[in-house]
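Engineer: Chain A is already provided as a structure; the job is to place chains B, C, D and E on it using the hints.
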Amino acid sequence: MEILVYRNGQQKISEGFTVEQLPELLKEPGAVIWVDMESPTEVDERVLLDVFKFHPLTVEDCRENRHYPKIEEFPGYIYFIVHGVRADTSPDRFNTIELDGFLGPNDVITYHHDFFRSIANVKQLLRTSPIACQRGPAFLLHQILDQIVDYYSPVLDDFDTRIDQLEHEIFDLKQPNNAILGEIMDLKRSVLRLRRISNKQMDILLRMSRGEFHALIPEDMRPFYRDIHDHIVRVTDLADSYRDLISGSLEAYLSVVSNRMNEIMKVLTVFSAIMLPLTFIAGVYGMNFDNMPELHSRYGYFAALLVMLIVAVGMLIFFWRRGWLGRGDQRQTPEN
Amino acid sequence: MEILVYRNGQQKISEGFTVEQLPELLKEPGAVIWVDMESPTEVDERVLLDVFKFHPLTVEDCRENRHYPKIEEFPGYIYFIVHGVRADTSPDRFNTIELDGFLGPNDVITYHHDFFRSIANVKQLLRTSPIACQRGPAFLLHQILDQIVDYYSPVLDDFDTRIDQLEHEIFDLKQPNNAILGEIMDLKRSVLRLRRISNKQMDILLRMSRGEFHALIPEDMRPFYRDIHDHIVRVTDLADSYRDLISGSLEAYLSVVSNRMNEIMKVLTVFSAIMLPLTFIAGVYGMNFDNMPELHSRYGYFAALLVMLIVAVGMLIFFWRRGWLGRGDQRQTPEN
Amino acid sequence: MEILVYRNGQQKISEGFTVEQLPELLKEPGAVIWVDMESPTEVDERVLLDVFKFHPLTVEDCRENRHYPKIEEFPGYIYFIVHGVRADTSPDRFNTIELDGFLGPNDVITYHHDFFRSIANVKQLLRTSPIACQRGPAFLLHQILDQIVDYYSPVLDDFDTRIDQLEHEIFDLKQPNNAILGEIMDLKRSVLRLRRISNKQMDILLRMSRGEFHALIPEDMRPFYRDIHDHIVRVTDLADSYRDLISGSLEAYLSVVSNRMNEIMKVLTVFSAIMLPLTFIAGVYGMNFDNMPELHSRYGYFAALLVMLIVAVGMLIFFWRRGWLGRGDQRQTPEN
Amino acid sequence: MEILVYRNGQQKISEGFTVEQLPELLKEPGAVIWVDMESPTEVDERVLLDVFKFHPLTVEDCRENRHYPKIEEFPGYIYFIVHGVRADTSPDRFNTIELDGFLGPNDVITYHHDFFRSIANVKQLLRTSPIACQRGPAFLLHQILDQIVDYYSPVLDDFDTRIDQLEHEIFDLKQPNNAILGEIMDLKRSVLRLRRISNKQMDILLRMSRGEFHALIPEDMRPFYRDIHDHIVRVTDLADSYRDLISGSLEAYLSVVSNRMNEIMKVLTVFSAIMLPLTFIAGVYGMNFDNMPELHSRYGYFAALLVMLIVAVGMLIFFWRRGWLGRGDQRQTPEN
Amino acid sequence: MEILVYRNGQQKISEGFTVEQLPELLKEPGAVIWVDMESPTEVDERVLLDVFKFHPLTVEDCRENRHYPKIEEFPGYIYFIVHGVRADTSPDRFNTIELDGFLGPNDVITYHHDFFRSIANVKQLLRTSPIACQRGPAFLLHQILDQIVDYYSPVLDDFDTRIDQLEHEIFDLKQPNNAILGEIMDLKRSVLRLRRISNKQMDILLRMSRGEFHALIPEDMRPFYRDIHDHIVRVTDLADSYRDLISGSLEAYLSVVSNRMNEIMKVLTVFSAIMLPLTFIAGVYGMNFDNMPELHSRYGYFAALLVMLIVAVGMLIFFWRRGWLGRGDQRQTPEN
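So the protein sequences, as listed, match chains A, B, C, D and E. Per the working numbering: the first sequence = residues 874 to 1209. Per the working numbering: the second sequence = residues 874 to 1209. Per the working numbering: the third sequence = residues 874 to 1209. Per the working numbering: the fourth sequence = residues 874 to 1209. Per the working numbering: the fifth sequence = residues 874 to 1209.
Here chain A stands alone, though its shape is the one from the complex (with noise of 0.2 Å):
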């Protein structure tokens, strides 16, 4: 548990309290208190429920990992979930990390089983600087929000990325491959948590921004909410997008598939159209009758090449004219 408080008109933040000290700051008029709980023990879950007095219920959530965000308000407080992006995430395997807080006049709790990025990179900030801190917890959370909220930008990029090399692979394909289904498989799975976890999220900010915790959030920290609230639209706009885009994939690799299925059996078919017909013809004069002129012909021998030229080129012209002959897939890319 750390403790990084910021008091009114000082030009840093102070660190290094003990859990003791905690009530005592709770009470100072003007300070703004960030309790950071880092894969938390049972001490730091004692604190939330004796010294924030937080429901019961909302401390056994924090302990669990729950799966999905969520915002709720107590008197006096609001508890919130929020997930960020894991740092081992890839488009292959969405990964996140959740984080529970809490939010009340003048403290933000902050509440995670790992090493969460954007919690350290903002610590990281405050120290610098204690600007954040100045306009209350409410412009600190958003901070922390932000911090969150930004980390999806480059998985947004990869998920991109992936699809567009995804499409060239695909169109490109030498043969039908379980990998490149199985890779879609995975995207799409990737990009159907991302969405579900942004449309979550979406929803939380939208409550925050549209001033229903205003005895929290104040009527001036609106609009940077409403900014983190349009980021997450957008995740959530892109993450419907490339859900459109890999049905498509799936679509597309489903007809190459298709067309490579032609392309075989036109081989097939033209081999067998050819070869059936100049064979048979080699069988009647492998024939043992007694009475068969033309084998006793000078040039029957020639003649019956002759002939097998004159079928073999027959049938290439009539497959030629089907279009046949030709490669069925000419391997364009789009020129996306």
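Heads up, some of the hints might be wrong.
Copies of one chain are not kept apart here, so a pair can be met inside one copy or by any two copies together.
As a list, the in silico EDC-like pairs of lysine to aspartate or glutamate whose alpha-carbon atoms are at most 20 Å apart [claimed, not checked]:
1. LYS926 / GLU937
2. LYS926 / GLU1092
3. LYS926 / ASP1093
4. LYS996 / ASP934
For the record, the hints were derived by calculation from the structure and aren't laboratory data.
Structural biologist: Frame of chain A, contents of chains B, C, D and E only:
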């Protein structure tokens, strides 16, 4: 019919009352009465009608298995139907058990046709410690609902495992398989049923936690109902994502089948394209023309064999270039 | 036109009134009058216009078969259209019969072009015991609607049976079959029609049970209408899930057809891949070259046969390893 | 521009007025004035702007063909666009004709670029009997809208017939057919267009019938507008179900094509599987080895033929057992 | 930064002001000031912050390209983002250009990073005639938005043409083609992007036209904004129907590919089924048995040829009856 009574200030639950004592008990101030009817008889139903004065339609509803959750307010009590997970539920077959119930000003009535795990658990709990009753009937009901919703979690985990396993089976699939198809179908049906039930249940708990029934569910009970609501939202959410995953599995299955078909066709085509020309050449020299100079050449036979070899190698190179000689399905399972 | 009258306090329904007596009857205080018009004549319509003073548009609506349920309030009465299940309905063909009706302050008018089972049942009931009338016209109407909705249940059971049976047929399918496809199509159409009708009916009953028409449907009648509403909600719900099941059936059918195709292709490929090389070898030794040493070897023929055997066995092993020799479709039906 | 005037108490419609008389007419108390502009000139537009004082934007809207229905209220009048069915509409091609109009306190203005059937019909009607005008301009407008909506019915019947016929064609299909595909596409497009138009029209009529424009559409006119609304609801409903049917047709078509492919493959496989072994056997005894005992046996030839026969019959039994010898498509059309 | 000022009563737009004069100009009563910032510098941004006192977040929003339209109200001004169509847009690639803007009580500020066609057009217009400014800044903004929306029309026409052309290409398709598939994908993506943008824009204009910002957009301006709203509704509507058409195109493409496959298989099957039996017969008489009576018959050879002919003709009749000898794809393009 079992009657459990908690009297204010007592440390224990009183049991062993008879039907005849019920009217008396209901009049006791501060008492919390729980009447649990398992496989109810006609006598039990008469109690509902005559002692509790519940609306005849609700009692009729109790008797039937109505198959979907609902909640209805009547003057002085609310009637609800919720669904628990049956013990024999599996991802292939999602089975529920119906619980009908009434919440009165100082009584909870539960009514079910079979043994109900969650009910038995809560009774066990009360016999150990009557704390749950100290906060009134609404808290007792919350306890029961909480137990019911808790049993959904292992089902969800089972779904997760099964879908994961299914996906691996699909990508490892040697040949198209109606059994896998049947399993996908069963899973889909189960998930849809789960979703439908939990969706309606979500609705009920939302109404309970929003203060719609404030006469019977007091303000300070609402966070507890909101907590159950959150649980069931998560159930619905996961059911949603499982539905998406199962749809994806079906797409993957169809695509894997399609890839396999491609592979089969390639084998056929490669074989035919190599063998047919060779057979044709053999056929040519099997002809019985008198005048076939090659036949009398000393190395004609070997030359013919050489030509065949060249043709065969040529075809192999042709197909190798097209990438048809590898196996189309690398059998990569997603590293999921 | 049949006129049934219940006079307060009476133990029996009075019948056998003529049109001329209607205005008198309508003025009787406390009487409940039910006018049922089956295959109405022009005289009946004049009664609606002149005696009951219903809006000409509603009377016109009665005359036509409008194909969808609705409810409309007019000063002093409500006009409704609901749909019953026709006796000859089957899952392949969902047929409805329209009932037009009016609910006045002390009268119910029903209007239908053909024999209507539910109406006949309610009349039968009234003649046995006039209880349904004692609680006023709204209760009488409830009785009629209840009977109508009750006839949906066997239809739903039929759907259930048919879909189940269809699914078994699909998994037992020997070969693709337009008949099954046709049946899926018919079922789908029926379910969609059922869903559309019950959905609109649900709407009407919701409005009735929510107190929108409180002048004609008193407060204490609402639980009864809510009960019918619940029934119809269940119908709609089941129709929804049947729709999902039928969509699943179509997917299963297409997939089974696709599996069967795979099987066919495998048979073809295995046959071709074994026979073509053997035929080629035979062809080689059928060539007529002068100098073919093998031909003169004593055991050449048997050696050739041996080679053929080895090739055949080799191919069989190759395909067995790929798992192509078993049957792709284990014909397992889901243990549903 | 045609001007039809009904003066209160008159038995006939007066006609033949000039533009100059319009301002006078509009001031006559109790007169109902209908100004119909077919293929309007610039003079007509000036009248709209200068005499009726309509907003310049609405007049501009009239001039253009805007392609979708709308309704807008302005002080003292409402402006609407509705769409009628063009006479040359067919299920393959759903064409509409736009009607712009204004409803004022005692005048209706209609504006259309081409001959409009419904308008002509209403004029005809008025000339025969001016009843429609006696109830004021709102009733006159109702009359016009009713005529427009009535023309949708035959179109829906045409759709019905065409879809039915299409379904039969699909199940009777001898071979895959781009023509049927094209027809499905055309039907789908038409139905979607119909649905879009009628959906918007439904909206407009809902607003008219709900009393939103009560200044111009009095209370007692609302049942009449509700009646048109009901008609258009039915149109939209049917369009919805046609869309479902057409989607079903496409699925059926694709499935029938797939069944046909199966059949083709079975023919190929049966032929290959019977002929290839026979040809192989013949090939074996066509080999030229010196030492082939069977060749010199007296009944060797006949024995070989017998073996061939046994093989052929064996294969036939094999395929018959698999059910491949019947025709996969019983060509059953649904008994619809 | 360009500053255009219209002073009440003047016949011309004044230009050539410097940043320093801005504060003065803004105080002039009745003046309408348009500040257009193309590729803005930091100085410009300072003006937004210091002179106009806009919220820092909105100025930051201006700087970034945010990719979706929005509107926000602040005390004394509204901030909006709308999107115009880029000049280089094609149906394959729908490109937009972002316009940020502010509407104040007597000023309009536009901010864009590149040359913006619609802005240039409006400036041109104003220099010719300052009418657009006479009705205040809301009308000036309407003029700009109108120009922006007008540029959507040609794009929609391009889509129409391209989809039509695509459909013809599909039905004329000689062989499956990844290029067409790629084009369908590109079109789909473009239409989805168009739909998303226009949908959000529709929202903004709905809010503007409904009087939400009545302080800045007076009542009498609303019909003008409603008019733009109507335009953009039409854009969205058409985008919707294009999306449907493109989905239909994909289905048609897949179906045409499938038909083509059928045709290929039929060619293969017909060839195999005719040639294999003939080859077998030839093989039989190529056997070297000592005792084969037919071989020594005088007309044995010719009889064998005759049998072959009969078999071939028989097969042809068999296939002709099944309708396999015609071409499956009549290459009919819909008469669309």
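Engineer: Run every hint past the structure and note whether it holds.
Structural biologist: Against the structure, the hints:
no. : hint             : result
1   : LYS926 / GLU937  : within (19 Å within a copy, 43 Å between copies)
2   : LYS926 / GLU1092 : between (26 Å within a copy, 18 Å between copies)
3   : LYS926 / ASP1093 : between (28 Å within a copy, 15 Å between copies)
4   : LYS996 / ASP934  : neither (24 Å within a copy, 25 Å between copies)
Going through the hint list in order, the structure does not satisfy hint 4, though it satisfies all others.
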